[in-house]
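S.K.: Here is what each chain is made of, one letter per residue.
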Amino acid sequence: MTPVPFTPSMLPAVVPELLLAALALIVIITDLSQPRPGAVGSEQLAIRRRSLGIVTAVGFGLILFVSLLTSLPAVSEAPIFGGMLRHDLMAFIFRLMFLFAGAVTALISTDSPVIGRQGEYYVVLVSAVLGMNLMAMSADLIMLYLAIETSSIALYALAGFLREDAKSAEAGMKYFLFGAFTSTVMLYGFSLLYGFTGQTGLYAVGQALNASGLSAGPLLALFLVLAGLGFKISAVPFHFWAPDVYEGAPTPITAFLSVASKAAGFAVLVRVLWAAFPGQETFWIQLLAALAAVTMSVGNLIALAQRNIKRLLAYSSIAQAGYILVGLSAFSTDGMAATLYYLGIYTITNLAAFGAIVLVSRVTGSDEIADYSGLSRRAPGLALVLLVALLSLGGIPPLAGFFAKFYVFTAAINSGLVWLVVVGIINSIIGLYYYLYVLKVIYLGAPKDEAATYPVPRPYAFALWLCAVGVLLVGFVISPFVNIAVAAASSWF
Amino acid sequence: MTFPILSVITFTPLVAGLLILMLPAERKNEARVTALAAAAFTTALALFAYFSFDPNGPRFQFVEGPYQWVPQLGITYHMAADGLGLPMILLTALVLLTGVMISWNVEDRTREFMAFFLFLSVGVFGVFAAQDLFLFFFLLEIAVFPKYLMIVMWGWPKTREYGAMKLTLYLFIASVVALIGVLWLYALSPVKTFNLLWLEEAMRAGGFDRTLNLFGANVPAQHVWFPLIFFGFAIMGAIFPLHSWAPDGHVAAPTAISMMLAGVEMKVGMYAAFRVGITLLPEGAAFWSPVIVLFGLINVVYAAYIALIQRDFKYIIGFSSVSHMGLVMMGFATLSREGFIGAGLQMFSHGIMTAIFFAIVGMVYDRAHTRNIPELGGLAQKMPWAATGFIIGGFTSMGMPGFSGFVAEIPIYMGLWKASTPEGAIFATAPWYFQLMAIIAVISIVVTAAYILRAVQRVFFGELPAKFAHEVGDVSVLDKIAIAILSGWMILLGVYPVIMYPMVTAGITPTLRLFVP
Chain A
1 MTPVPFTPSM
11 LPAVVPELLL
21 AALALIVIIT
31 DLSQPRPGAV
41 GSEQLAIRRR
51 SLGIVTAVGF
61 GLILFVSLLT
71 SLPAVSEAPI
81 FGGMLRHDLM
91 AFIFRLMFLF
101 AGAVTALIST
111 DSPVIGRQGE
121 YYVVLVSAVL
131 GMNLMAMSAD
141 LIMLYLAIET
151 SSIALYALAG
161 FLREDAKSAE
171 AGMKYFLFGA
181 FTSTVMLYGF
191 SLLYGFTGQT
201 GLYAVGQALN
211 ASGLSAGPLL
221 ALFLVLAGLG
231 FKISAVPFHF
241 WAPDVYEGAP
251 TPITAFLSVA
261 SKAAGFAVLV
271 RVLWAAFPGQ
281 ETFWIQLLAA
291 LAAVTMSVGN
301 LIALAQRNIK
311 RLLAYSSIAQ
321 AGYILVGLSA
331 FSTDGMAATL
341 YYLGIYTITN
351 LAAFGAIVLV
361 SRVTGSDEIA
371 DYSGLSRRAP
381 GLALVLLVAL
391 LSLGGIPPLA
401 GFFAKFYVFT
411 AAINSGLVWL
421 VVVGIINSII
431 GLYYYLYVLK
441 VIYLGAPKDE
451 AATYPVPRPY
461 AFALWLCAVG
471 VLLVGFVISP
481 FVNIAVAAAS
491 SWF
Chain B
494 MTFPILSVIT
504 FTPLVAGLLI
514 LMLPAERKNE
524 ARVTALAAAA
534 FTTALALFAY
544 FSFDPNGPRF
554 QFVEGPYQWV
564 PQLGITYHMA
574 ADGLGLPMIL
584 LTALVLLTGV
594 MISWNVEDRT
604 REFMAFFLFL
614 SVGVFGVFAA
624 QDLFLFFFLL
634 EIAVFPKYLM
644 IVMWGWPKTR
654 EYGAMKLTLY
664 LFIASVVALI
674 GVLWLYALSP
684 VKTFNLLWLE
694 EAMRAGGFDR
704 TLNLFGANVP
714 AQHVWFPLIF
724 FGFAIMGAIF
734 PLHSWAPDGH
744 VAAPTAISMM
754 LAGVEMKVGM
764 YAAFRVGITL
774 LPEGAAFWSP
784 VIVLFGLINV
794 VYAAYIALIQ
804 RDFKYIIGFS
814 SVSHMGLVMM
824 GFATLSREGF
834 IGAGLQMFSH
844 GIMTAIFFAI
854 VGMVYDRAHT
864 RNIPELGGLA
874 QKMPWAATGF
884 IIGGFTSMGM
894 PGFSGFVAEI
904 PIYMGLWKAS
914 TPEGAIFATA
924 PWYFQLMAII
934 AVISIVVTAA
944 YILRAVQRVF
954 FGELPAKFAH
964 EVGDVSVLDK
974 IAIAILSGWM
984 ILLGVYPVIM
994 YPMVTAGITP
1004 TLRLFVP
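First to last, the protein sequences are chains A and B.
Residue numbering for the first sequence follows the working numbering, starting at 1 and increasing by one per position.
Residue numbering for the second sequence follows the working numbering, starting at 494 and increasing by one per position.
Hints are computed from structural coordinates only; laboratory data are not their basis.
No residue lacks a Cβ here, since even glycine has one placed at the ideal position from N, Cα and C.
Be aware that a few hints might be false.
Facing chain B, from chain A, some residues (calculated, C-beta under 8 Å) [stated by the list, open to error]:
hint	residue
1	62
2	64
3	66
4	70
5	396
6	409
7	410
8	414
9	423
10	425
11	428
12	429
13	441
14	444
15	445
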């Protein structure tokens, strides 16, 4: 593969990333330009400090908007920057998801104690998004590894950001150890790929492997890379970190981890499998299908036993990764489109759920499901958002989760994976049980504290309504989104 | 563009429910009146549609669409009423109206009760009009949460959490088992669409006459798809052995929800089993018919015997409704004209009958505060309207001439008597197999009579316990109107079956032609 020389015409493709770097600087400057604690009254400080989160969120929003104007990929995709990156519609959609998740995470962080008022927190968040954007675009082993580490190291820091809190510190440490381990495993896989083919470009690796056939060496590399990515998407059996980290990390970061980090993992998974191992799909499709079945079943079954809402959603998000893998194992345009659609819906839905949880735990100081008892009487709005989010995760119409599941299963069954759909549908039944259980507590239970009020600051209200209305609307207005997903998926087949 | 009457019927309760939720919580009367107005409006529209349906006209009337919804997957928005769906829409409207009336005294969170009751009916109305399978499942699953929430919040405190979860999960299992069958059929169908009519065309052109390779054996695809779809939906109709959710769930539910779930939601299952299962997969239906008739018979006999030994008044009705659903299954299994017509009429008759039973059980419980039969007695003195309504329902249940039960059950028995096992069925049967089933089913009417008469005698006649003499009052005016509406339909259909017979005949004829040229 001949290197592609740099031309200025490649710059528009990376406008979002350039702007993200600029946003990180702006956040630092905003932070520095504000008076230190002690200089003014604490209440005044709190209000002004909220501006950091809002600056970050508005920044993400603007970048999202600008990138739609400047960086929409051309129909004929081309490698850019010497083949390091690839600018295609699929990667572009993933980048929009990351930006959206970043914006919502910043909004629901604004009033969080400790993290919400630290400039560093938002800067690290921005760099995590920057890394993820590059993950979605990378088409070269070296670039890919750098991008993964950029986002991972930022996420380790974010998970452990509450230094005073033992659980958060533990979460950060655990996440780091697991992450570092799987990342080295993956790096070993990358080095094997390079060793066997002499190429670093993913597509060049694919061509070389196609010519030589899949022997034991590249097979080992495939397994090692899958292990690393399985960690990112929290697929069973690489999921053990997820519940502990989700429980311990600051809740806005849990939200971010559960959607953006997972979506980034899927973006890389698709790129690596499709670009570096073409022609061997009959083998790795079966691997993906098995992974999907195990992930769904284990995630859902363990979720049944959870009594902590963050752990419950952790296992639920493991299970959701399984449904998404069902779409990938269909190995068809529809399957890939369904995967994209599902990921998009899942991103909005999970953000809504975690946003509501942030607000509830601010008041109750607890994440136990029992403490959600009677929430519908004390905070009907928050209860409604949880209702919408959980039913959408459970796949109940008219919410968007219904069509997402329907689409994934349709695509899988079209590819002849009847057994996998049966497993998936049995899992949706199990899933419905625990989502309904939480809703029962929220709607039926008597409030523990009759006088409790649940204030909803404006940035939170905006973020929650945005997500909840999105989940509801996309449940009816399906066709345009399917069109986009199909357009992005069709170039891969 | 013509007036989209079916969409208006379906979505009026949705709009009304949202309006009710916007009221302040303490404005209970406004919530009740809005719900009643919406129910009355939909009932009026349903009656209008019912009486302007022309049985000699086209198969589908009041057609809306098909409009493209998700063209990428062949999903359309397509509403239309045929001769089988329209009586069901009328039934839903009547149960909605009477359900609002008898729930007038709900004081606990009245606003939410009325709103969610209306939301529940949206899904039920819609499924009888939907001519697209995606739309069908979409509307069907919309009802999942309202029914769960209503049982859990307003149900019988002793069993509501158990009953609600059991009922919701069983109904969800039923629909997703059917969904597997539908998706499988879609994947291998020559036309990529979920539109029922286009799928039917594909079926007529032989599109589903293919074989599947299962575990190394070649099996006709219809033999595999049919049980998924038919038995999947039939779980919603409480087919043996997956029937136990129905009594538990319906007893746990508040009265109006019991009426809606037992009266109409069970019919959704059997309607879909017929409309999707038998109509799209006739070869599969012929293959499985001896099994369906056997399961239907077990429903009829087994549930009747269990009803006989219940001490809880509401459980008698719960098992009685399971027992009578068996007749619908048997009627469909005959694959004959009489059986289909009888089953179609029985669905309506059973819905009205079950609704009035549950309504009266609710009235008795609200006043006597017990449903334990040994403690009850002589209530006819206190509430003559309720007693009369229950006796009319009882006569219908026993299949007495002059009531709708007779009109519905006689054709089913005739169909069974005439039926013979189709060629290529799952197992060869003796020539008298269906006739034997008919004989056993007819004899079981005695059991039905026994438990109905026992309930009537123990609850409404005999000595009035002293503690009820002053506490228990008569039912309210709205209750009386509800009883009158429901019993009126049972008698009307019983003495003047022509009011529904031609319509149901028109509804089942296209399916019948697949079996009897």
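S.K.: A separate judgement is required for each hint: does it hold in the structure or not?
M.R.: Hint-by-hint comparison with the structure:
With a cut of 8 Å, the hint placing residue 62 (chain A) at the interface with chain B is violated, because the nearest CB-to-CB distance is about 32 Å. Below 8 Å, beta-carbon pairs count as interface contacts, and residue 64 (chain A) has none with chain B, the closest being about 25 Å; its hint is therefore violated. Hint on residue 66 (chain A) is violated. Least Cβ distance to chain B is approximately 30 Å, over the 8 Å limit. For residue 70 (chain A), the interface hint is violated, the least distance from its beta-carbon to any beta-carbon of chain B being 29 Å, above 8 Å.
Below 8 Å, beta-carbon pairs count as interface contacts, and residue 396 (chain A) has one with chain B at about 5 Å; its hint therefore holds. The interface hint given for residue 409 (chain A) holds, since its Cβ lies 6 Å from the closest Cβ of chain B, which is under the 8 Å cut-off. Checking residue 410 (chain A) against chain B: minimum C-beta separation of about 6 Å stays under 8 Å; hint holds. Residue-level restraint check for residue 414 (chain A) holds (minimum Cβ-Cβ distance to chain B is 5 Å; threshold 8 Å).
Interface restraint check for residue 423 (chain A): the shortest CB-CB distance to chain B comes to about 11 Å, outside 8 Å, so the restraint is violated. The interface hint given for residue 425 (chain A) is met, as the beta carbon of that residue sits about 5 Å from the closest beta carbon of chain B, less than 8 Å. Here the hint on residue 428 (chain A) is kept, as its CB sits about 6 Å from the closest CB of chain B, short of 8 Å. The beta carbon of residue 429 (chain A) comes within 6 Å of a beta carbon in chain B, closer than 8 Å, and the hint placing it at the interface holds.
A hinted interface residue such as residue 441 (chain A) counts as satisfied when its beta carbon comes closer than 8 Å to some beta carbon of chain B; here the least separation is about 10 Å, so the hint is violated. Annotation: interface hint on residue 444 (chain A) holds; nearest CB of chain B at approximately 5 Å, less than 8 Å. Residue-level restraint check for residue 445 (chain A) is violated (minimum Cβ-Cβ distance to chain B is 10 Å; threshold 8 Å).
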